[in-house]
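4 protein chains.
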Amino acid sequence: MHKTAARADNIFILLWEVNFLFIKRTDLALEARELFEESGASLPGGIRSREYRQGMADVTCIDVCSEEGARALGKACGTYVTVSLPELWMRDSDSVFTTAQTLARELRPLLPENGAVLVVGLGNRFITPDAVGPLCTEHVIVTRHLLEQMPDEFGGLRPVCALTAGVLGLTGIETAEIVRGVVQRVHPSAVIAVDALASRSASRLCRAFQMSDTGVTPGSGVFNARATLDSKSLGVPVVAIGVPTVVDALTLTADTLELAGQALPENPRLRERENLMVTPKDIDALVQKSAKVIGYAVNLALQGDLTAAEMEQFLS
Amino acid sequence: MHKTAARADNIFILLWEVNFLFIKRTDLALEARELFEESGASLPGGIRSREYRQGMADVTCIDVCSEEGARALGKACGTYVTVSLPELWMRDSDSVFTTAQTLARELRPLLPENGAVLVVGLGNRFITPDAVGPLCTEHVIVTRHLLEQMPDEFGGLRPVCALTAGVLGLTGIETAEIVRGVVQRVHPSAVIAVDALASRSASRLCRAFQMSDTGVTPGSGVFNARATLDSKSLGVPVVAIGVPTVVDALTLTADTLELAGQALPENPRLRERENLMVTPKDIDALVQKSAKVIGYAVNLALQGDLTAAEMEQFLS
Amino acid sequence: MHKTAARADNIFILLWEVNFLFIKRTDLALEARELFEESGASLPGGIRSREYRQGMADVTCIDVCSEEGARALGKACGTYVTVSLPELWMRDSDSVFTTAQTLARELRPLLPENGAVLVVGLGNRFITPDAVGPLCTEHVIVTRHLLEQMPDEFGGLRPVCALTAGVLGLTGIETAEIVRGVVQRVHPSAVIAVDALASRSASRLCRAFQMSDTGVTPGSGVFNARATLDSKSLGVPVVAIGVPTVVDALTLTADTLELAGQALPENPRLRERENLMVTPKDIDALVQKSAKVIGYAVNLALQGDLTAAEMEQFLS
Amino acid sequence: MHKTAARADNIFILLWEVNFLFIKRTDLALEARELFEESGASLPGGIRSREYRQGMADVTCIDVCSEEGARALGKACGTYVTVSLPELWMRDSDSVFTTAQTLARELRPLLPENGAVLVVGLGNRFITPDAVGPLCTEHVIVTRHLLEQMPDEFGGLRPVCALTAGVLGLTGIETAEIVRGVVQRVHPSAVIAVDALASRSASRLCRAFQMSDTGVTPGSGVFNARATLDSKSLGVPVVAIGVPTVVDALTLTADTLELAGQALPENPRLRERENLMVTPKDIDALVQKSAKVIGYAVNLALQGDLTAAEMEQFLS
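Residue numbers (the numbering used here), protein chains in the order written: chain H, 1 to 316; chain X, 1 to 316; chain L, 1 to 316; chain R, 1 to 316.
Heads up, a few of these hints could be off.
Copies of the same chain are indistinguishable here, so a pair counts whether it falls within one copy or spans any two.
In silico EDC-like cross-links for lysine to aspartate or glutamate, where the CA-CA straight-line distance does not exceed 20 Å [said to hold, decoys possible]: (1) 292 <-> 138; (2) 232 <-> 152; (3) 232 <-> 148; (4) 232 <-> 153; (5) 281 <-> 138; (6) 289 <-> 148; (7) 289 <-> 310; (8) 289 <-> 63; (9) 292 <-> 312; (10) 292 <-> 305; (11) 289 <-> 138; (12) 289 <-> 312; (13) 232 <-> 67; (14) 232 <-> 213; (15) 232 <-> 177; (16) 281 <-> 305; (17) 292 <-> 87.
These are computed hints drawn from the structure, not numbers from a lab.
So here's chain H without its partners, still in its complex pose (with noise of 0.2 Å):
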């Protein structure tokens, strides 16, 4: 269906973007590249990329520079680092740490020198895929207030506070409301935004940790303006860190039928899977993993090279 449209004119391309929103759903931008390269379309000018080694990881970075760029991708002007693992990793208990630490090396250069951050959880505690965001928040060092009130025993360390936002249907209050609510009072030089995102492809789930400047919109694909949180909506820096715990069951149907050569036909039985989702069989400990990793990864890019064993006296 989108092989059509990446032929087309510009009102096929607005057809091929609805079509690639709901067929094919990302939250990756490294993804959002690769489905536009697999459409057989030539990517706009403005979309740089590097790749790297770092450890057992492969690091994607790639630069949306132009608004041409971001339409073609759906994504905000901006960088966007992926750190893809090994499936060893999920299974290895050492690379929690080591993991954390490769993720920190990436995170470090998008976050402001100095000043102090919130760490926001995104997502719904009450859904397993979804909790992401409010598990990373139970690892994180939260620190603003002891150095508020004992500042010379905690002297090295990077004010940080932590909140779990919740989601619109259990609080009634967009989230951005929350966070620009919070961000008004406690004005961090910069928010971090933990959530967990969908891919197009069942191997990076729980493997491809993705992190941006460009900030990030809850609950995305409902594409409502008001609820973004970004440096324009929050008056501050905001980097956004994610990873895919879900695939959409329409896009896992997609890319089936793009393997066998066909289109999505019109069935009413597809009616059914919008509301599924596709997740790995061991989901429930692969949130907490991720959560843990990610919270740990703040950590490090925010106090330094703290031990394996410092970060667990400081969490405990």
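Start from chain H and add chains X, L and R according to the hints.
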């Protein structure tokens, strides 16, 4: 693929069964029959079925009475009753109790009229869609100890006890071994085994409750004969109650291709789908609700017509 | 010890207050008055109270109308309504809804008649007896976003939003700061703050629900003026609802000695009691039930007379 | 009260025992001896003890070798080893692993050198301070099924299986019955039973780990001979491991009065304390940590000297 098989002789039937098991996995007798019929083959003798409506529910009752029929459906000889609920049931709060009444009416004839009953919750409490069994036992009215300690006060009740047996990976013991050990000490007149199932169709997830008098194989698909819980292995009748909470990602993929008139292609990218499951987006809440409705149905089937308030009182 | 103080002049009154706070800690105005009376001193002017029965509950209404009265009880000026339930309520399942109706009747007059309401769950979700507030918000019917999105369909409802603000140790931000930030964006007509309390008496645990129009100090006993949630700090009326879930071990100790006619001895072994709390053995279940009854009472006070079934439907 | 008893003849000794059990409840042999000594009576023969230091821990080893000694302490004949940790251990993150090593050194001599071991987690998962046993089994490395399926790969390991048996109120079956049923099928060389205990002293909560070769009575204090898990009832050695998580409120009260030189007064207000327990304010976290340290100690005692990383790897 299985369409070819369906036209085949004995050897191919075997092949077909193998493909069937891996490509379209289901634990529902209703769907096993459906898949067989879709294959174009005619059902062997010894499979009888009837359908009727009970309140909002469609009830399908399949009797497998011959070895040939059992082989065709991949299901042991016995009676399989499936109560299919409208989608509405998941959102309507009144319906937990009324749905339990519907299930209880079908469950009662499968159980012996008198004697103690042991309810076993199968599955892994720590994996959301597998937790129906363990969660269900929390809603079962347990009376055996009360009747032993205060026979006069609780004289009207039937003795019921409950066990959450864990899973092999967490206990190191076959579930069937644990249950057998407990049965040999408690001597119930029947065992009710509650488990989460797999369906081939998204539209049956958390909506099609299957009850059968044939026992159950925990973690089915593994096909380890020692592990089956049935009257042969336990020495007492075993009634199984289950509800599908997942579709295998490969099953969904096969279904997709069939809709498009294609066979499943040989593609390495399909490999990565083997560890994936497809669930509704609100699976956390639906598993809780399904576990509760089964627990209530067990109570109504065993203790007679309790009111909703009496039920709550016993369980609070 | 406080008996001595009660006979004393101003300086001793101060001492008495200090001892009172540390030795017999309570968050209930009812008990503060009781302790004062037990001390043998006569209550200052400006404290009025009346008692009446409502269904199974005893209701005590204390108005603190003078600064002198406020100082004597260690409670801000305002109205404190305590609904005391019979022990039976904890075991009787019908009673969640009927108890909520009783609470709602007392709560309604404390609230403004119109306008949006923000419900804030105070306390630490990860500490069982402190989790009443966070758990309560799960039972509040949240409507604000529905009214904004579909004003016609939900026209009969009052706009309600809810926030679980976390605790200073986990967020690094004073709870009052977070709430203030959200209030400034949401502009509710009132805030309802739900919190777990401390009682001086075991017999009131999970049975005496206090509602007041005076606001609340999260983690009270710390007495940090910045942290208070009241109409002064938030700019809108703050109604507090709480229920005691713990008795301080030192309070229990002091009570014991008083029964024996003794003062609290100076003994190093008493030091180790400072980090102890006294709770009912079934505190896990009682906290769940108390949170539910408060949430239901809030719904009934704000949305008018919903039936039990309507309530469940909104919350499922 | 028991002071009187201590001066008394046989009849009074009986009385004393009754009072002792109700007024100062403890599951620790260490404290039973302490209480006896505090009573002023001299210990009967057949109770030997020695103390030594192991790292940061104080180890007390009490051998009860005579029926008279057993009656005096209210403890079965056998060896009771208590490892008392400094308060620091609860806050220091390194210490889970090193503490487990300390416990393992004392645990190993109580266990048979070879053969399969069944670890049983006793207690109620849904009551925070009673959940040590069920939580502990999550940290036990379970190998029995791996050794059966892949004997060559896991040849170096000792077969271990684990069971969470529930509690009588939730299962309707005596825990001892369930364990006996499983033992008769699994035939372990020993059972390790993990349980939460009651202490008479707040300073030992979550800090004094008791190991004994005498078995255990789940829900002790009830004194129901059928319910005991020991070598007599199970046919194999039973090693009990426990840690106190609560002090009975009446025990604390009695202790208070003793400090003040008073007897326990007859007062109806003391009745209401019978359903109360005293716990540390951070009991939720301490129970998690205690369960983990016991699980790790079991692993080290059974599987030899695993490193911390190897342990995590088995458990992830």
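Comparing the hints with the structure gives:
1. 292 <-> 138: For residue 292 and residue 138, the Cα distance is within 20 Å both inside one copy (8 Å) and across copies (19 Å).
2. 232 <-> 152: neither (35 Å within a copy, 32 Å between copies)
3. 232 <-> 148: neither (29 Å within a copy, 24 Å between copies)
4. 232 <-> 153: Answer is neither: 36 Å inside a copy and 33 Å across each miss the 20 Å cutoff.
5. 281 <-> 138: Classified as between; 19 Å across copies, 24 Å inside a copy.
6. 289 <-> 148: Close neither inside one copy (31 Å) nor across copies (29 Å); limit 20 Å.
7. 289 <-> 310: Both: 19 Å inside a chain and 17 Å across chains, each within 20 Å.
8. 289 <-> 63: Answer is neither; intra-copy 28 Å and inter-copy 45 Å both fail.
9. 292 <-> 312: both (11 Å within a copy, 15 Å between copies)
10. 292 <-> 305: Result: close within a single copy only, 17 Å intra versus 27 Å inter.
11. 289 <-> 138: So residue 289 and residue 138 pass the 20 Å test inside a copy (12 Å) and across (16 Å) alike.
12. 289 <-> 312: both (15 Å within a copy, 13 Å between copies)
13. 232 <-> 67: Classified as within; 16 Å inside a copy, 48 Å across copies.
14. 232 <-> 213: Answer is within; shortest intra-copy Cα gap is 12 Å, inter-copy 38 Å.
15. 232 <-> 177: within (13 Å within a copy, 22 Å between copies)
16. 281 <-> 305: neither (34 Å within a copy, 32 Å between copies)
17. 292 <-> 87: within (17 Å within a copy, 27 Å between copies)
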